[in-house]
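Line order of the protein sequences matches chains L and G.
Each step along the first sequence adds one to the number in my numbering, with nothing skipped, and position 232 is 232.
Each step along the second sequence adds one to the number in my numbering, with nothing skipped, and position 124 is 124.
Bear in mind the hints are in silico, worked out from the structure with no lab data behind them.
Every residue gets a Cβ at the ideal spot worked out from N, C-alpha and C, and that includes glycine.
Be a bit skeptical, because a hint or two may be false.
Unchecked claim - Only part of the chain L face toward chain G is listed, based on derived beta-carbon distances under 10 Å:
| # | residue |
| --- | --- |
| 1 | E120 |
| 2 | S145 |
| 3 | R191 |
| 4 | G200 |
Unchecked claim - For each label pair, taking beta carbons as the anchor points, the in silico distance ranges come out as:
| # | chain 1 | residue 1 | chain 2 | residue 2 | range |
| --- | --- | --- | --- | --- | --- |
| 5 | G | P72 | L | R191 | 41 to 51 Å |
| 6 | L | A17 | G | N237 | 46 to 56 Å |
| 7 | L | Y122 | G | D256 | 34 to 44 Å |
| 8 | L | R131 | G | D256 | 33 to 43 Å |
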Amino acid sequence: MVIQKGKQPQRARLAVAGARNATESVFGASSRADRIGNVLFRSLLLLGMGFALLGMVSIIVWSFVDGAPRLDMNLITAGPSSITPETAGYRTAILGSLYVIGGVILFIVPVGVGAAVYLEEYADQTRWWNRLIEVNIQNLAAVPSIVFGILGLAFIVRGPLDLGFVAAAGSLTLSLLVLPTVILASREAIRAVPPSTRLGSLGLGATQWQTIWHHVLPGALPGIITGVILSVSRAIGEAAPLLLVGAVTFVMFDPSFFEGQFSVLPVQIFNYAGRPQEEFRVLASAGVILMLAVLLVMNSFAIWLRNHYENKNAR
Amino acid sequence: MPDNSGHETTGTAPGTTGTAPGTAPGGVGTASPDEVPVFELGDVSVSYNGNPALAGVTMDIGAKEITAFIGPSGCGKSTLLRSLNRMNDLIPGARVRGELLYKGTDLYGASVDAVQVRKRIGMVFQKPNPFPKSIYDNVAFGPRTVGMKGSMDEIVEKALRGAALWEEVSDRLRESAYSLSGGQQQRLCIARAIAVEPDVILMDEPCSALDPISTVRVEDLMAELKNHYSIVIVTHNMHQAARVADRTAFFSVQVDDTGRRIGQLIEADETGTIFTKPTDKRTEDYISGRVG
Ligand SMILES: Nc1ncnc2c1ncn2[C@@H]1O[C@H](COP(=O)(O)OP(=O)(O)OP(=O)(O)O)[C@@H](O)[C@H]1O
Ligand SMILES: [Mg+2]
Chain L
1 MVIQKGKQPQ RARLAVAGAR NATESVFGAS SRADRIGNVL FRSLLLLGMG FALLGMVSII
61 VWSFVDGAPR LDMNLITAGP SSITPETAGY RTAILGSLYV IGGVILFIVP VGVGAAVYLE
121 EYADQTRWWN RLIEVNIQNL AAVPSIVFGI LGLAFIVRGP LDLGFVAAAG SLTLSLLVLP
181 TVILASREAI RAVPPSTRLG SLGLGATQWQ TIWHHVLPGA LPGIITGVIL SVSRAIGEAA
241 PLLLVGAVTF VMFDPSFFEG QFSVLPVQIF NYAGRPQEEF RVLASAGVIL MLAVLLVMNS
301 FAIWLRNHYE NKNAR
Chain G
1 MPDNSGHETT GTAPGTTGTA PGTAPGGVGT ASPDEVPVFE LGDVSVSYNG NPALAGVTMD
61 IGAKEITAFI GPSGCGKSTL LRSLNRMNDL IPGARVRGEL LYKGTDLYGA SVDAVQVRKR
121 IGMVFQKPNP FPKSIYDNVA FGPRTVGMKG SMDEIVEKAL RGAALWEEVS DRLRESAYSL
181 SGGQQQRLCI ARAIAVEPDV ILMDEPCSAL DPISTVRVED LMAELKNHYS IVIVTHNMHQ
241 AARVADRTAF FSVQVDDTGR RIGQLIEADE TGTIFTKPTD KRTEDYISGR VG
């Protein structure tokens with residue numbers, strides 16, 4: 001081979017060059033129109049991403065610049081005030097958010113995962129009621145949050161549950177709001193567990209429940225966690241439905257879950273931001289940073305948790 | 001009658017591997033003819049969503065021996081295998097009809113629990129499907145769920161030794177099963193299946209994803225396992241059937257006048273008989289490579 005390469009006859013060299021050209025014309029160099037199309041499409045994608053990034057960066061920078069003077073301990077430890085914006089803070093709103101979100105997590109994890117397991121593993125998709133449930137969940141995920149607020153007001157604050165304007169009512173309302181998303185994400189995660197794993201387990205004489213508990217749920221866990229955290233992140237930022245179920249702005253005393261007034265971070269920010277005095281706007285910006293920080297911590301935790309379980313599952 | 005054909009198995013097999021001729025006739029010799037069969041099938045038919053896939057299978061499957069199902073693709077071998085441990089229950093639309101007795105009990109009887117059936121009749125699949133867990137946990141899962149008594153370490157070791165895998169993995173039991181090679185994974189799946197001490201092991205093309213060396217190891221393993229278990233194996237590899245099986249059942253597809261393709265049992269007999277003097281022309285054609 002090596003020897004031949006040196007004294008390759010003229011004819012062979014020509015043939016090789018021709019073949020290479022032919023191949024390149026098929027695979028390699030594309031036509032001018034293709035190239036332009038390629039460049040155009042890529043710039044469009046970059047533009048889209050740029051817009052998204054720009055929006056995010058400007059919010060962060062803006063609120064940092066604006067809110068910097070108020071990034072102090074009072075921001076977290078002091079209660080709200082309509083008279084002294086220089087020392088007012090978010091204490092009760094933070095506590096209210098924690099209560100509401102804690103309740104949301106406690107509610108959506110068992111209910112959402114349970115519903116997903118039922119729909120994926122037990123429900124007979126040929127039955128009309130199961131298909132109805134499925135279509136409904138998909139539609140519910142697209143319902144505006146204010147509608148859930150009205151639902152919460154009618155059925156949770158008043159009506160059959162009659163909880164009153166308390167944090168628990170806010171929790172339940174937000175839970176209903178994000179539940180469809182949790183169910184859809186969990187179903188996706190459960191569906192991604194390979195059927196061969198289920199068959200392997202069932203073929204050993206494990207019951208369906210044992211199979212779900214020992215193989216399906218652990219395999220789906222990273223995906224389920226991701227879905228839950230994303231939903232919770234959304235719930236933290238919601239203000240509209242909570243306004244309807246009684247998240248009042250100025251709560252002077254630390255809230256509790258089942259009684260007393262409550263407020264949450266976004267509602268408090270909204271109220272501060274609407275006041276004319278400059279100091280309140282600064283306070284609002286500082287609140288935005290606070291909320292972003294909370295979201296960042298939560299999402300980081302979610303990613304860490306997911307990677308942790310992913311590594312544990314499939315190495 | 002088994003003796004004759006046993007010799008003929010020896011006659012056909014030598015060209016293939018060194019180990020098989022030694023083991024196969026020995027197996028035929030030890031399986032006593034009057035031992036009760038593990039399975040007695042009477043006119044078994046299976047349909048999917050009303051379309052028959054397999055019809056009118058009547059045969060016995062002997063205890064403590066290896067039975068091979070061979071035949072062209074789509075003739076219902078896997079279908080029949082799955083109905084032997086009620087894995088078909090998991091396929092929506094699948095229906096099994098006819099009489100399917102396991103040691104005299106109707107497998108599809110009203111009081112029979114499919115989970116209990118699968119505890120006694122284990123299954124090994126075509127593609128190795130270890131759980132995404134450690135080697136140890138893969139084997140221990142079955143015994144744990146079944147609630148077997150005794151030291152789990154011993155149970156795991158026994159199963160791994162039984163599957164001829166112990167030497168290779170004894171020092172890495174805590175590692176992920178995914179770190180094993182394909183052939184090791186398949187033997188792990190066999191270890192997992194025998195860990196619960198079943199009665200029967202069903203194997204659906206267990207070697208089709210394996211290289212020749214791993215295949216020989218699994219075949220050797222089967223020859224050993226049949227001292228304790230009844231084994232049914234589906235295979236596309238005729239040499240494999242000739243090497244390991246005591247009895248062989250040949251299936252084929254019959255196209256009826258409406259154009260439906262329905263699987264059928266053509267004949268089942270001692271492996272030697274099937275491979276040297278089959279009674280049916282279709283078996284002969286298939287085996288000599290003229291069809292399929
Ligand atoms: N889950 C299923 N749903 C519907 N039809 C099925 C299903 N599984 C098998 N069938 C049909 O049943 C027939 C027999 O299939 P089966 O898988 O038992 O064949 P096989 O002999 O194992 O083939 P192969 O050698 O290719 O594995 C085929 O016509 C197939 O289309
Ligand atoms: Mg098959």
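For each hint, the structure was consulted:
no. : hint                          : result
1   : E120                          : violated, 13 Å
2   : S145                          : violated, 37 Å
3   : R191                          : violated, 16 Å
4   : G200                          : holds, 4 Å
5   : P72(G) - R191(L): 41 to 51 Å  : violated, 33 Å
6   : A17(L) - N237(G): 46 to 56 Å  : holds, 47 Å
7   : Y122(L) - D256(G): 34 to 44 Å : holds, 37 Å
8   : R131(L) - D256(G): 33 to 43 Å : holds, 34 Å
Of the numbered hints stated above, those contradicted by the structure are hints 1, 2, 3 and 5, listed in ascending order.
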